[in-house]
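**Q** Chain by chain, the residues:
Protein chains: 4
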Amino acid sequence: MKQKIRMGMVGGGAGAFIGDVHRRAARLCGDIELVAGVFGRNPESSKACARDLFVPENRVYTDYEAMIKGELALPADKRIEFVSIVTPNQWHFPIANAFLKAGFNVLCEKPMTLNSKQALELKATLEASGKLFALMHNYTGYPMVKQAKQMIADGVLGKLCKINVEYSLGWLASPNAGKQAVWRVDPKQAGISGCMADIGTHAEQLINYITGLKITEVSADLATFVEGRELDDDGTVLLRFCNGARGVIFASEVSTGEENNFIIKIYGTKAAVEWRQQSPEDLIVRSNDEPMKIYRRNWAGTCDAARKVCNLPAGHPEGFLEAFASIYRSFADDIHAQRAGKAPVGDYPGIEDGISEMRFLEAIVENSNGDKKWTKL
Amino acid sequence: MKQKIRMGMVGGGAGAFIGDVHRRAARLCGDIELVAGVFGRNPESSKACARDLFVPENRVYTDYEAMIKGELALPADKRIEFVSIVTPNQWHFPIANAFLKAGFNVLCEKPMTLNSKQALELKATLEASGKLFALMHNYTGYPMVKQAKQMIADGVLGKLCKINVEYSLGWLASPNAGKQAVWRVDPKQAGISGCMADIGTHAEQLINYITGLKITEVSADLATFVEGRELDDDGTVLLRFCNGARGVIFASEVSTGEENNFIIKIYGTKAAVEWRQQSPEDLIVRSNDEPMKIYRRNWAGTCDAARKVCNLPAGHPEGFLEAFASIYRSFADDIHAQRAGKAPVGDYPGIEDGISEMRFLEAIVENSNGDKKWTKL
Amino acid sequence: MKQKIRMGMVGGGAGAFIGDVHRRAARLCGDIELVAGVFGRNPESSKACARDLFVPENRVYTDYEAMIKGELALPADKRIEFVSIVTPNQWHFPIANAFLKAGFNVLCEKPMTLNSKQALELKATLEASGKLFALMHNYTGYPMVKQAKQMIADGVLGKLCKINVEYSLGWLASPNAGKQAVWRVDPKQAGISGCMADIGTHAEQLINYITGLKITEVSADLATFVEGRELDDDGTVLLRFCNGARGVIFASEVSTGEENNFIIKIYGTKAAVEWRQQSPEDLIVRSNDEPMKIYRRNWAGTCDAARKVCNLPAGHPEGFLEAFASIYRSFADDIHAQRAGKAPVGDYPGIEDGISEMRFLEAIVENSNGDKKWTKL
Amino acid sequence: MKQKIRMGMVGGGAGAFIGDVHRRAARLCGDIELVAGVFGRNPESSKACARDLFVPENRVYTDYEAMIKGELALPADKRIEFVSIVTPNQWHFPIANAFLKAGFNVLCEKPMTLNSKQALELKATLEASGKLFALMHNYTGYPMVKQAKQMIADGVLGKLCKINVEYSLGWLASPNAGKQAVWRVDPKQAGISGCMADIGTHAEQLINYITGLKITEVSADLATFVEGRELDDDGTVLLRFCNGARGVIFASEVSTGEENNFIIKIYGTKAAVEWRQQSPEDLIVRSNDEPMKIYRRNWAGTCDAARKVCNLPAGHPEGFLEAFASIYRSFADDIHAQRAGKAPVGDYPGIEDGISEMRFLEAIVENSNGDKKWTKL
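Protein chains in written order, with my numbering: chain A, 1 to 377; chain B, 1 to 377; chain C, 1 to 377; chain D, 1 to 377.
There's no promise every hint is true.
Here are the computed lysine-lysine pairs in the BS3-like style, where the Cα-Cα straight-line distance is at most 27 Å [what the hints assert, rightly or not]: (1) D:179 to A:270; (2) A:372 to D:372; (3) A:78 to B:188.
In short, the hints are calculated from the structure, not lab data. From a predicted model like this one, the values you see are computed outputs, not experimental measurements.
Pulled out of the complex, with its shape left as it was, chain A reads as follows:
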């Protein structure tokens, strides 16, 4: 009988949002089993959480260092094969670094670290470890995002010219937006940026994932609308790309009434694509020479790369969770490959995305604070 992949988790205790999504995504895969973890810093609530998750009490640890030690003490065929890190930002680096050093595969929430220095250090650790590392940028897991990527790779859009990204949420419009909000605008926990670290990095990463283009220069206007916040809760960034394309990211967590309105529009000389996270089953393709087309997930026209991450027939809506799970699926496939001594495929965001997002953040924060028009990345 086959063995399920053994997963550990750090973070994701009571009241957490993203930790629960990670667990549900892992469950969906069917071959991943959560067997160990630190579910928050309060040992009692961590244990309670573990009970609800059917994690044995002796695999619940007080902190990540104890977890590494405890797991290493187990026989190789019992200990976790990877850890998911779902803590606030400032813990990503030390935990990821430590698990990699200890010889565990790591799947880490974004943003990867607090700065590019940590990011580069993590890269060195990763390379020395020979282990697997995934950075959870879940939006890359959507089938129609992969469809956009493929169409661009196939030249359907011609030369890319303009990239406009909107990412608007309203949840931080009020000063007291709950537990999830507190750490995201606290420099100690979140780093040098609030809104842009939280969602601007998704925008930067998704552009790069879909188009393959690197941002070379930025000009930014970060803002803090809610009094007393130490970090930005809103920002707009002008973009220049390596190939001469231009663009803009406008991201906000104080856009009243917006849910999770992430829209990317990419224009080339021949055609353009538009993808809207809140209607993720559609990829809108426009050109001057043909009627507008809406590619629908798993319907005619869906490319192989997109079909591979489809679970349901067209018209049976898939969403955020399935996109998330498709990252877990690819990561788990690489662990199976690892078991079999095969090379990993690496079809998920990773260390380079993390380095890139840190450089992006550092550049826009510097630019926004200065008088210079452009800052190079």
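Add chains B, C and D to chain A, keeping to what the hints say.
**A** What follows is chains B, C and D alone, placed relative to chain A:
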């Protein structure tokens, strides 16, 4: 340590669609474990399927009778606590009936049986058994369907007048639509109706679920567009309701280009609601006296009954799978209650929905074949 | 210098809705001048209306008979070249008949007459007169309706199978819906049907216009939801077509919250089209073999027949008025042809549409009142 | 009998786009008559155009100076009461200035002049003349734009924080985009900017019209994507407003596949509005505390200011032309007032909008060419 709920499955072998959805829905719950089953009629492929599902080989059976016998031979705390029946229609009744008689809880795909006689017999068996029974009408699991139901119960729509339901798919437009298609238009496997049994029953059940209204008379025009088919692949039904409301269901599996386009519009004297399965996060509310409102899942305005089945914040799309899983969640909650000797809540479709859908099918087939304008239910 | 076409009008006095639309549509053409009329039955308000419309007082008449007499008394190059009839239904026939007999071209609001007997009589008059006759079914004037018609004529949809039409309004949901409402549900003014005469005829005519298919059998359920009304304010009709296609029209004027929600969906063996009057710039084309396409007015893919009635570039929304005006444009072109002794083109609805809509109305009213399943047309 | 308002036109000859729109808008008003003009610089084609427009040959002039002279030579009750200027940009100022000086009312296409110096000079001329001046920013004529303006004035949105405007067209993506395109990217005819003068000014003006907020600082990145063009065909501008709000305008005429995609989103502390020119009948209103609302033109919730410019009931689509015509309507109303010796209402864009748009253009061009982050207006 808590024990997961032990689930068995009959059907859902290689190439099956809905069986896989059931398993993924069960997995999402987190506290359900698939431990036994008959995954198709070919023993070898059934075993192969079981291996992929981490079901132990000694719990894979050659047929449902062997499964009942085998499971009954196990100690009570090992044997399955419920079986999911995901076979073609003609097997629903014998299997459900047998498992109930043997003392197992049953979750069964729709349509419940082949005719109302079987439906009533199953009801008798169920009542004698004291066990739990759920009928999988997954669309009732969507949060915004529950929102519609609640708003109508609260009187927001006033007296209901008109109910229009469209359910269009294009997949059976070609004569050879694959394995999934074959049995759905084979009278031996599907019963007296093809399209209407497959999706018309969803329409009838959803109307009843949301509005609480019973259909009292129908006038139907069932059609078979693809030559050689023995059952309807399309149909339209005029509806009259107990309260004087009127309506129409038009359902088709030969509507070229349609994916799974299920739309329900309900008009009352004060307001109206519209829900579209392919955009399930929205509930559109219209009235003559106010601007159009779009209630969004888990956003302001979402009622408790809907929030209870939300997993993600607004703007993070949920879909078909989560709706499916919410039925599993409620059924699993009742099994926990059963373990604890508590009364079940029954917040899922059941035996009465199955009886109702059979009477509806029998009435429309009779009417469509005759010269009489109306047939009473 | 060229001469503008001289137009007269009967109806369309103070508070009228459709008369004003006719006048604005005529104005848009640029070569039509309103020079005479009877603007309602009250002579004073008719004169006041005329003043606002720059119609000379000596061309304002007390009734249509006086108007015919007065205009005939003028020299041929002064008298009106056509009359627009925009009265309640019961006046359509006598006025149109009288003007045709007197040698005037006629443009008449729908429904053409009160019954098929009048319709046939009008046809005889028309044929004897040698004059031009247009029936105002304005929805046929929309570019994307013409696009649908052309694509079907070109065989893009294959053999047509299913035609579903929805036409929902909410304005008659309350008992007192104003002046416009009163006559529409008064048998003396509206004829044998309320809702179906008002909007069901649009549905029937549009189906025929776009597809070229004739309805051969109907089964109907007309309803009156608001107490005290003598005519239907709602109805649903099952349709069978000459080529074996099936369909449904559901029309309602008591669908709370609906504005003017007219949707037609036509499914063929190869592809399907959907047009929504409230988003008239789009024609949605679906098939099982290609991504969904949205043909946009005057964008790539628009056929010549549609482009001919486009006034603005794509993305500059046109609407109801332009569609209306395109009927006037075609009718005016035929009057120019008439002046030049050339044959008319007849690119607008006419006498046959009027006969057809009367037969349709008579059949559905008869069927709805009886016990027979089907009524032949 | 009343007299129609006598209108003249400069520009709008064969092949022109906007001139024809002006004429159709004027016609829609019903009380405006085109009686004189210079329809392009070729006298023969100007005369031919005039014939089609029913303009008498003796009122067709060779140039605008001749037109002023000719019209002044007519008796006051024959000569034009206003002139519409629909030429390329560089002619706006000299023609408007001359007509105002000669005592004519002027309605002028945007952008008003080539620079702010001209704009201020025109203002001086206007003030000295005592005549009426309208600047055609047609988007302000849409009912739902007026609805947005009113809701903001009423405080529904709270304090405004963020304003995001997109204006994307694809028509200049190819180097040869026809006659309309040539002058728009020719510095001699268009001025210092191409795309931003053509559509960026609409964005700037609409923001100011709806919100009442002035832009105080800009940071811009203008681009020219098609080789050989001397002016920008694309640009993005960061905005800072007098009240602390931030925003962005991204405008492009090389966004392949876009028609006339003008979207404005305005976020306040309490609520937000979104208006899309291609779906102009909707105003989307969002907040964190209520379900999303879609205000529909002329439906419940429409304010008086918006209703005033509605011509048709809700659900009967109005569009670009009606918005245009509503500017003409207001301007014509002021001419009626002028006739009667009453004060004008001025409910249309005017001289201040023209000055503002010139300052905006000059600031963004200067900023885009320099290294400074921000340029003050």
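**Q** Does each hint fit the structure? Answer for all of them.
**A** Tested hints:
1. D:179 to A:270: Holds: residue 179 of chain D and residue 270 of chain A sit about 22 Å apart, inside 27 Å.
2. A:372 to D:372: Holds. Residue 372 of chain A to residue 372 of chain D sits at ~6 Å (cutoff 27 Å).
3. A:78 to B:188: violated, 50 Å
The structure shown violates just one earlier hint, number 3.
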